[in-house]
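**Student:** In case you want the letters, here they are:
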Amino acid sequence: MPPEESPSPQNQHCFQRRGFSYDRAIKYFFASNAGLTIVILLLIIVFLLKEGLGFFPGYRRELEIYRIAGLEFVDISRRNLTAHEQLSSVLNRAYFAEINGQCARELKRTREASAVFNSFSDQTSATRDLIVNNQNSGLDPNSEMLAALRKNHAIQKEKALTSLPATPHLTAAEREQLLASIRTRDATATDDPPLVTTLAQQYAAAQQQCAKPLAELRTVIDSFEAAGADLSTLVTEMTDAVTSTKEALQNADLLEQNRKSLLAAAANAKDPTERRKLLADAHASLAEKPDIEGPMRALMRRQPDCSATHTALRHACADILARLPPSLSQSDANRLLRAANKATPLLLDSLGQAPQQITQWRHDKPVPLSDAIRSFLTGKDWVTGGAWQDFYGILPLLIGSLMISFVALCLAIPAGVGAAIYINQFASPTEQSVVKPVIEFIAAIPSVVLGFIGILIFGTVLRDLSQLDALAWVPGFPIEERLNMFTAGCLLALMSIPTIFSLAEDALNNVPSAYAEASDALGASRIQTSFRVIIPAAFSGILAAVLLGLGRVIGETMVVLLVAGNRIKIPDFSAGLGSFFQPSHTLTGIIAQELGEVPLGSVHYRALFVVGILLFGIVLGINVTAHKFVSRTPN
Amino acid sequence: MLNPQSLIRKGLPKGHFKDRLVRVLLGATTYFIVLIAALLFAKIIKDGAPVLFTSQAPYVDLGFLLDKNQTLHVFDDAQGVRHQLPASAYNDYLKQHEGAPIYNPQTFSYSGGGIVGPIVGTALLTIGSMILALFFGVCAAIYLSEYAKQNPFIHAVRLAILNLAGIPSIVFGLFGFAVFVLAVPVITSTPSDRSLLTLPLFIGDYMLSFQGWNSSLMAGCATLACMILPVIITASEESLRAVPQGFRDASLAMGATRWQTIRKCVLPFSLPGILTSSLLAITRVAGETAPIMFTAAVAAKDDLPWESLAHPFDLLSSQVQALPYHIYTLAARIPASEYTRRAQYGSVFVFLILVMALSLGSMVLRAKLRAKLKW
Amino acid sequence: MVTDLSDNPAAPMATAIHIRDLCFAYHTKPALHDVTLDIPTRQITAFIGPSGCGKSTLLRCFNRINDRIPGAHLTAGSIHIHGIEINRPDIDLQELRRRVGMVFQKYNPFKKSIYENVVFSPRLGGIRKRAALDELAETALRSAALWDEVKDRLHTSALALSGGQQQRLCIARAIANQPDILLMDEPCAALDPTATLKIEELLHQLKKHYTIVIVTHNMAQATRCADLTAFMYLGKLIESGPTLQIFTTPNNPQTLAYISGSFG
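Quick note, the sequences are listed as chains S, W and V, same order.
Residue numbers for the first sequence, in my numbering: 10 to 644.
Residue numbers for the second sequence, in my numbering: 9 to 383.
Residue numbers for the third sequence, in my numbering: 3 to 266.
Calculated directly from the structure, the hints in this document are not laboratory data.
Hints may contain errors.
[To be verified] To spell it out: a stretch of chain W is covered by chain S in this simulated footprint if at least three of its residues, at any positions, have a beta carbon under 8 Å from a beta carbon of chain S; those stretches are: (1) 24 to 33; (2) 40 to 48; (3) 141 to 152; (4) 264 to 277; (5) 294 to 301; (6) 334 to 340.
[Stated by the list, open to error] Non-contacting residues of chain S with respect to chain W, defined by C-beta distances greater than 12 Å in every case (computed): (7) S130; (8) A236; (9) L295.
Just so you know, even glycine gets a beta-carbon here, dropped at the ideal spot from N, CA and C.
Same shape as in the complex, but just chain S (with noise of 0.2 Å):
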């Protein structure tokens, strides 16, 4: 820098700086530079905020809208009626639970043999088809042409046989009788081979044979079906009602917005002619109030209707379902049972608190702002798109983001800081100078291939894996769904571990060597060393590398989203661990996935401005919270 002002301008010594340098600009030029990472970290801000602050009003009015066109009043009842049919679903999907438990060899069988017969129907269809086809379109049977198909057909057939799926609940005999009817079988026969009809039929006559001690419980089930029939009756009535007036507010809604702009263009115009015109239209797109005290009236003389049927469906629901037996003989059928008997008493409530909730109901209470927030930050639903009614709630995808970083961090956590204390403490050079490269190839793979690995590889195998009837024990398996929370985990695993492996190895690296010497001329041992001084001295380091890995794992979006699943539901927690192999949908991936679709400007497109604002907080706590332990590691 230059030297000092001297005090008198006059005396101009020539180590005086005159005016403003050269050097100076160059030193603002750089400092702007500088200063660039403060303008768009605020940009961010502020782009977010303003893309997204717009939401809570624009959802307000439509949960206005949702009231005092009667939906929510109509939701009362359709809540109800949800929980219904979803017992009754969790019942019969315990009576097919039962007997299918019951009759699982003959399942087995029939659905083995039905396998390997339809995996070779698809490698011959192709061809199979053509020569039908040939032979319909009239041509001569014995040309030359068909003699070729059939000669590819046979071909293929040989090629099917030996790659036909394997099948441990038929005996040997049974499979050769099988392979032997393909063999033999025309390229035109359309029936089943015999082996597959008879094992069907086996299948049938158990479930039959099976059935028929259920027979009290099937009476219970259809009775307690039967008994929703007038809830939906009126649920859908008043539906059609109330859809239309929606509709109405909502085109109010869109003319009064339209007018709007235009007096403001119209504020803006030069050319009077222009003006006049614009505001000329701004008057005819005023918007005649639409009727909204008619329907509601209609709406509110359903009132004892709707009261009356909860009370019956309540007495109903009460009467039939404690004739339900108290236990089954299958595991899994059991386990729905209790479910069925864990959600009895929530249905019975509810139903019993809707005649009071249906009287108490008023379409002109007002909805605060507040109702928005909370409403978003609390709601169990992210519904888009749909034409009852739009929900912004963010809980399903908090919790699939939260769980998905849960699974990833607990196979991450133990990987990543287990090989940082054995490359740092135990390796020689010669293993550090194969590990440390490998694992910074795992951190340059992009995570779009991470999720397409996920999607071709990894989701089938894992699929494939909880089949076997060795790992049948494992909460959750077999799963369900290929593509799921904890596949989605263990690939965010596979891409946090470089994240906490290298700074925690940083973290172990940094301790001074003194308190190793130290600790050794104590008479320390090698591991002693290892786990009472060092590593309890990096342990801040340790967690902060952890918190990092976190704050990753959060942001990342393509391999939960191709790999997630996508399913935007709270997951079922009465399958226990298990509830971690059902799909879900994440903040990332939602934004992802909706951003290009949704309208500029609407009230779903600023949802997920809302979302992203969310997850910028979230990542930047855990970002600093880290990096408030680094500053903490000694040295």
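Fit chains W and V to the known structure of chain S by using the hints.
**Tutor:** Below, chains W and V without anything else, positioned relative to chain S:
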């Protein structure tokens, strides 16, 4: 001493088995990670390499690398022979065999032809964003390492860098969409309806309209540059700080100005380090999908970016295909079947090879640099 | 040349460390040549010499802490501690280091509480009972003349202590093992004169119970503390004997040159 004999141990050392157990457990964990990585690479190489490499000279299927991406048509002809043809070849076939019947026709989007479009698009995005990020990043790093003193401004800059580095890529996507696609100013004579603000420029009809660049190469490059900026700044600052203080002191002592010192005595020595670490940044830029999904990338495009342009500058404002987005499309939007495997595994293989080559290059260069530069 | 320090007529003593023809090297670079020396029990022996003369290396051979350095190895000779050759392969290293405590040049307490620092090695030795540990900690801290200063804040961080206190804590940590021999590698190099004085006073207390070997570059310190002094130069033991004799009537001209400040 009470009993000198106690110094001599009997049998194995104390805690020998515990020590062994800990080592084996931790070692198994470590090599499990290595094994998973190896399996993963092996699987992709096994399925992807046959797409790219052939058994005859020139041993590389140039068609896959140099052809445009097309829809794949699969059908049987009357002889029962199965054909797999990309759209252009399919049309030729139809012309040649007019009237011939076709059986079991199936189409697979994005699965025919090659992947030159995505490769070129990714290259353009990477080059564009690296030029921007390197320019601003190195300048910012020079300020931080050469001029900065402890003051609130520097504190704010460091905080901003730290926070920018942690922001999830999808949030950068949102930011790029809201800012570069919808809000940055353009000079135009016909401002769009959704322009946030228009300012007259008093040159002809032209106005400065804050209406954004739409989804375009420009917007994508800018978004990616913002995302990678903190990485470049941190790496460059490290390289600049690695130049010994003595070099600067000597130059300043001889009467050179700050800028002359930086230009002659600091930058030349730190440049290799900056470039090496920016190779690693390239792998990240090339691999990101989320930020370009809404700002630049398009799933299908018939022309290469520079073809059928009215004006060369239109290159910047046109959408491009990109390799990571292409892979996303192949994985998410089309069902896996034996006819799509070539496109799927081939693209992933090529992409992985490119990224690994960059990453390996950066590793090798860094090792060389460490060996060479010992001040 | 065999120098038996126990020749001192004032106190006929047993030999604690018995070194014969010791040669030591880092990879191929030799660091010690044919060092032969006997170190008596319950005395303070000082190693002096210019930087890089091998005095620290020699000290670090006594508890084999040199094993930590890759490539460091004994090339010839032997070290017996109370009659046991400590370089034999079946030596219990942990036990050896517990019997031969060490204090380093730069005080290095762990980032734990004062109490945890002192009881670190007793805990490793398998002592779990709280009362026993408390007693050990108090004894060790009293022996290191630190008890009165820290008894009210035993469970606060050791790194909050002053430099001199931290070094005395390291001494307490080393003697909590109840070792026979205490090795000190320039223990006052990082301390101010007041703290140095305290440590020197402490050394006089400790020598009643322990054999102390101290490396110092400070000749005044050697004259103040040590009963015996050995002068080393370029990896060789040049001369050793009672401190007074070495500093007043050295036999070797190199010793004379060094103590008179001609080099070093």
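**Student:** Compare the structure with each hint and give your call.
**Tutor:** Cross-check of the supplied hints:
no. : hint       : in the structure
1   : 24 to 33   : holds (count 5)
2   : 40 to 48   : holds (count 7)
3   : 141 to 152 : holds (count 6)
4   : 264 to 277 : holds (count 3)
5   : 294 to 301 : holds (count 6)
6   : 334 to 340 : holds (count 5)
7   : S130       : 14 Å, holds
8   : A236       : 42 Å, holds
9   : L295       : 22 Å, holds
The structure agrees with every numbered hint stated previously.
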